[in-house]
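Colleague: Quick mapping for you: the protein sequence lines, in order, are chains A and B. 104 is the number that this note's numbering gives the last residue of the first sequence; the numbers go up by one with no jumps. 150 is the number that this note's numbering gives the last residue of the second sequence; the numbers go up by one with no jumps.
Hint data in this document are derived by calculation from the structure and do not stem from the laboratory. Some clues are possibly wrong.
[Stated by the list, open to error] The calculated lysine to aspartate or glutamate pairs, modelled on DMTMM-like cross-linking and capped at a C-alpha distance of 25 Å, are: (1) Lys61/A <-> Glu6/A; (2) Lys27/A <-> Asp129/B; (3) Lys96/A <-> Asp143/B; (4) Lys42/A <-> Glu58/A; (5) Lys61/A <-> Asp143/B; (6) Lys96/A <-> Glu90/B; (7) Lys48/A <-> Asp9/A.
[Unchecked claim] Which bits of chain A does chain B cover? Going by a derived footprint, with three or more residues having C-beta under 8 Å, they are: (8) 32 to 41; (9) 62 to 71.
The beta carbon of each residue, even a glycine, is placed where N, CA and C say it ideally should be.
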Amino acid sequence: GQQVMQIPQYQHVQEGEDFTTYCNSSTTLSNIQWYKQRPGGHPVFLIQLVKSGEVKKQKRLTFQFGEAKKNSSLHITATQTTDVGTYFCAGRSSGGSNYKLTFGKGTLLTVNP
Amino acid sequence: GAVVSQHPSWVICKSGTSVKIECRSLDFQATTMFWYRQFPKQSLMLMATSNEGSKATYEQGVEKDKFLINHASLTLSTLTVTSAHPEDSSFYICSVRDPGPRYSNQPQHFGDGTRLSIL
């Protein structure tokens, strides 16, 4: 079945440093979504990428979708303590049914003030 | 405000008890809801897709007789963990797919989750 791999598993940075998490799928994706889960909370939708090579920005967050639609990345510029949490990518295979998403294992980001 | 309401948020009960978890879509009618399980510091594992008015679709390895899903209305899906045992202790989260054109790619809205502890 479809597998979504995400690295790194953990990342600790000093406030102000940049952060990147990478996501790779074993199959071509129709779309990829990114979620953020604060400690003790539930996942919150951040963004969705659909087009090959797409790049979207949300303030300090930059999301990319690979040309082959099998990988994606999330980059945070100048991290802040409010960025702390686990970032998950989630993808749906091309031709997949029932809107099912496969989640990566997530990257836990901690920020030292 | 919240799009999805999940109840209860925390359950502690004895082994052998059956536990029902409710997931309500507050802002829109949801023909499809999803149930996930999450172990500490791990990813979300899809258990089943709940379909309004029909049987749920279970993922491979998930026992349908153990995890009963009922989606009787467009705003409510329930997950019942039957005869729960300590190994069923986990964080269970439901999600609702944002409405949109059929077969389109829409985000999911998650409930706050239910922490289930079986003694």
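Colleague: Evaluate each hint against the coordinates.
Modeller: Consistency of the hints with the structure:
1. Lys61/A <-> Glu6/A: Distance ~31 Å between Lys61/A and Glu6/A Cα, so the pair is violated.
2. Lys27/A <-> Asp129/B: 17 Å, holds
3. Lys96/A <-> Asp143/B: This hinted pair holds, its Cα atoms lying about 19 Å apart.
4. Lys42/A <-> Glu58/A: 8 Å, holds
5. Lys61/A <-> Asp143/B: Not OK: Lys61/A and Asp143/B at ~30 Å, beyond 25 Å, violated.
6. Lys96/A <-> Glu90/B: The given pair, whose Cα atoms are some 18 Å apart, holds under the 25 Å limit.
7. Lys48/A <-> Asp9/A: Cα-Cα ~15 Å, so holds.
8. 32 to 41: With 7 residues close enough to chain B, the hint holds.
9. 62 to 71: violated (count 0)
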